[in-house]
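Note that the protein sequences, when read in sequence, are chains A and B. Going by UniProt numbering, the first residue of the first sequence is number 1, and it counts up by one from there. Going by UniProt numbering, the first residue of the second sequence is number 1, and it counts up by one from there.
Check the hints yourself; a few may be wrong.
Note: identical chains are not told apart, hence a pair may lie in one copy or across any two.
Keeping only pairs whose Cα atoms sit at most 16 Å apart, straight-line, the calculated EDC-like set for lysine to aspartate or glutamate is [claimed, not checked]:
1. 9 / 87
2. 11 / 43
3. 32 / 93
4. 95 / 17
To be clear, the hints were calculated from the coordinates, so they are not data collected in a lab.
Each chain is listed here by its residues.
2 protein chains.
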Amino acid sequence: MIRVVCKAKLKPGVNIEEYLEIAREVVLETRKEKGCIMYTLHEDINDPSILTTLEEWEDEESINQHNKSKHILRMVPELRKLRESTEINLYKEVK
Amino acid sequence: MIRVVCKAKLKPGVNIEEYLEIAREVVLETRKEKGCIMYTLHEDINDPSILTTLEEWEDEESINQHNKSKHILRMVPELRKLRESTEINLYKEVK
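With the rest of the complex left out, here is chain A (with noise of 0.2 Å):
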């Protein structure tokens, strides 16, 4: 299983609920995707402009599937727009 933090900071004035509109949606198309274990959207508790998807996934090429996936190429170029920067890391677990 791989796990993936995707950070997104908004840019200042930008409308939360315009980002998250949006957002929302990716959600709901990504947990269709074949691979997805899970994919959640949070707000940071001391800055709502940080938002952050928490995810996992069965393996990379998943992942790789997703970012070639009709509703992330069309909806992810709308996210960055709004975004002052993105942070990506994919992760494995340490035992």
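We have chain A already, so just place chain B on it with the hints.
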């Protein structure tokens, strides 16, 4: 429930095994704590010097108690000596 991402970047040249030895003890002790649902250590698949705990806690009070626990007060300063940076975010899920 609150999810926590604690992302550490090690200083160049630090022996990762030296870091992991302490970090694994933190994991073992923390999992015994009240309110700890999940506490897992991860390595970035593209950069082994990025080590991140992905955590789930019942509430903020559990996290406050965790931050005051003996094992955290003893071992986190040791871990920080080996880190270049530490980034901690507390998250609530957005539905």
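How do residue 95 and residue 17 come out at 16 Å by Cα distance, when the copy is not named: within, between, both, or neither? between (39 Å within a copy, 12 Å between copies)
At most 16 Å between CA atoms: does that hold for residue 11 and residue 43 within a copy, between copies, both, or neither? For residue 11 and residue 43, the Cα distance is within 16 Å only inside one copy (15 Å; across copies 29 Å).
At most 16 Å between alpha carbons: which applies to residue 32 and residue 93, within, between, both or neither? neither (24 Å within a copy, 19 Å between copies)
At 16 Å max between alpha carbons, let me know whether residue 9 reaches residue 87 within a copy, between copies, both or neither. both (9 Å within a copy, 14 Å between copies)
The structure shown violates just one earlier hint, number 3.
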